[in-house]
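Colleague: Line by line, the protein sequences give chains W and F.
Mapping of the first sequence onto this note's numbering: position 108 corresponds to residue 108, and the numbering continues sequentially without gaps.
Mapping of the second sequence onto this note's numbering: position 62 corresponds to residue 62, and the numbering continues sequentially without gaps.
One or more of the hints may lead you astray.
[Said to hold, decoys possible] Here's a subset of chain W near chain F, in silico, CB distances under 8 angstroms, partners left out:
(1) Ala8
(2) Gln73
(3) Val121
(4) Glu123
(5) Asp126
(6) Ala127
(7) Arg129
(8) Asp134
(9) Gly221
(10) Thr223
(11) Gln224
FYI, nobody ran anything at the bench for these hints, they're computed from the structure.
Idealized CB from N, CA, C, for every residue including glycine.
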Amino acid sequence: MAEVLIDAFKGLLSNIQDYTYLAMRSLANLLTAPRYFQDLLDQMDDIGVGSLAIVLASGFFIGAVMVLQTGSQFVRFGQTALTGDIVSLALVRELGPTLTGILVAGRVASGMASELGSMLVTEQVDAMRAMGTDPSRKLITPRVLATILVLPLLTALNDFVGLLGGCVASVFSLRLGAVEFWTRAIDALEFPDIMQGMMKPIVYGFILSTVGCYKGLTVRGGTQGVGRATTQAVVVSNIMIIAADVFLTKVALYLGDKLF
Amino acid sequence: MSSFATVDSAYAPVEFDNVRIGFDEGDILQGVSFQVQPRETLVLLGETGTGKTLTLKMAAGLLQPSEGSVRVLGHKVSSMPERELFAFRREIGIVFQEGALFDSMTVGDNVAYRLREDRVSESEIEPRVLEILRFVELEHAFDQVPSELSGGMRRRVSIARALITRPQIVLYDSPTAGLDPITAQTIITLILRLRDVYGVTALLATHRVQDGFALANFRFDPQSHNVVRERPITRPAADEPATRFIAYRDGRIYFEGSPEELAASQDPYLRRFLV
Numbered sequence: 001m002a003e004v005l006i007d008a009f010k011g012l013l014s015n016i017q018d019y020t021y022l023a024m025r026s027l028a029n030l031l032t033a034p035r036y037f038q039d040l041l042d043q044m045d046d047i048g049v050g051s052l053a054i055v056l057a058s059g060f061f062i063g064a065v066m067v068l069q070t071g072s073q074f075v076r077f078g079q080t081a082l083t084g085d086i087v088s089l090a091l092v093r094e095l096g097p098t099l100t101g102i103l104v105a106g107r108v109a110s111g112m113a114s115e116l117g118s119m120l121v122t123e124q125v126d127a128m129r130a131m132g133t134d135p136s137r138k139l140i141t142p143r144v145l146a147t148i149l150v151l152p153l154l155t156a157l158n159d160f161v162g163l164l165g166g167c168v169a170s171v172f173s174l175r176l177g178a179v180e181f182w183t184r185a186i187d188a189l190e191f192p193d194i195m196q197g198m199m200k201p202i203v204y205g206f207i208l209s210t211v212g213c214y215k216g217l218t219v220r221g222g223t224q225g226v227g228r229a230t231t232q233a234v235v236v237s238n239i240m241i242i243a244a245d246v247f248l249t250k251v252a253l254y255l256g257d258k259l260f
Numbered sequence: 001m002s003s004f005a006t007v008d009s010a011y012a013p014v015e016f017d018n019v020r021i022g023f024d025e026g027d028i029l030q031g032v033s034f035q036v037q038p039r040e041t042l043v044l045l046g047e048t049g050t051g052k053t054l055t056l057k058m059a060a061g062l063l064q065p066s067e068g069s070v071r072v073l074g075h076k077v078s079s080m081p082e083r084e085l086f087a088f089r090r091e092i093g094i095v096f097q098e099g100a101l102f103d104s105m106t107v108g109d110n111v112a113y114r115l116r117e118d119r120v121s122e123s124e125i126e127p128r129v130l131e132i133l134r135f136v137e138l139e140h141a142f143d144q145v146p147s148e149l150s151g152g153m154r155r156r157v158s159i160a161r162a163l164i165t166r167p168q169i170v171l172y173d174s175p176t177a178g179l180d181p182i183t184a185q186t187i188i189t190l191i192l193r194l195r196d197v198y199g200v201t202a203l204l205a206t207h208r209v210q211d212g213f214a215l216a217n218f219r220f221d222p223q224s225h226n227v228v229r230e231r232p233i234t235r236p237a238a239d240e241p242a243t244r245f246i247a248y249r250d251g252r253i254y255f256e257g258s259p260e261e262l263a264a265s266q267d268p269y270l271r272r273f274l275v
């Protein structure tokens, strides 16, 4: 029994070590040539434009549902005007980045794991190495950088569409004026809130892309292994995003207090 | 097709010295030593799982042995850092068992891959790709994607991709595995052409002994553009290509010799390959 636990612990440590190496390497590759600019643009297109529909649709409905939930409580105190403040702060600081991260992880981390996993089991990664190409530069770095660059933009769009959904819900459900909602929503935001909201997706983008690439490039067991890696990529990246959220929120609140 | 780089005959292009490699299940190769001479084709025979593919991957520096040394074209690839290996691998060509073509790229892009990596100008790339596709008789497949090709066509594209930089050595991993006899013969003819016309040194892993005998008993005549039969070349002159066999068994070299010696062998294990 003890031996099994020790082996499992060693395996876990080994995975953490390999993941850390891959993650650090993905960024260190940027410092030296060759760099694959076209691959970066292709990935930005695939991740950014490709994720637009799910991010915008979910953002709109989340904003609307937040208004309905918070509004129903504010009505009891006659403070429905505060709805714009609450929805704005919650979306920009927390829900926008985290939900965008989780949604994009579902689509992108799984896609990376399955694509790279399939390439691995069909020896395409070996073929790439055999032709003198470093797969970490060609396959990993463009994906990681593209996700880091694109996720804050998707988050900003998610925030905006979420407020739009909140506005629609507040106008039709709480009978609030659209101008009043937007004025309060914008006035409630301060620079530390926006900084917090834009800092998080950078870290989430790094997490979901490196986890997706790592799971894809460590596939074992053929096509069945690819399916397993795909599921694991989503589960692990979502857990890591939510865990990172706790630390990032604490750091952002601390920095907000100290610097602004 | 333009000429291939020639191997410096001062050293053996491929040299394995007491190489061991294994995984969790134990050593798969247990102290293997052999050399491949310039313009020679060394046929690695063995059952599935005896370490043929591992041997090729070690020769390409894709895997590192746990013990021993591997030298290819004078480079000690068994101890080279990965960054240097990327540069080294541009000097060799590898044909993977299932082709390992990039399935999101067209045939033309697959073959041009290495040239684009080397920042060769686009005006130079297309004629070179067409020339090499003509060599494997797949010029018409330029715009097709791998999923539209048959198994034999994929293997030929893989050969074209390996040859695009005119390497000195080509490593073939079971190039005829899973192919019908006619398609397999097409692939063998290509390998003969490369050997006899361009003098390419080759390490060929297979479990089909007939592939090795075909390489030993036939040659490609550039004048008539045909494959012609000749008696096995056991002691070729310095400028003639030779074919030699190695058979793996239980992680060691069980047999090493000429096609004639293999054909004459009465060893029960080797006879199983010859049936």
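Colleague: All the hints need checking, so say for each whether the structure fits it.
Modeller: Here is how each hint holds up against the structure:
no., hint, in the structure
1, Ala8, "violated, 15 angstroms"
2, Gln73, "violated, 51 angstroms"
3, Val121, "violated, 10 angstroms"
4, Glu123, "holds, 4 angstroms"
5, Asp126, "holds, 6 angstroms"
6, Ala127, "holds, 4 angstroms"
7, Arg129, "holds, 6 angstroms"
8, Asp134, "holds, 6 angstroms"
9, Gly221, "violated, 14 angstroms"
10, Thr223, "violated, 13 angstroms"
11, Gln224, "violated, 18 angstroms"
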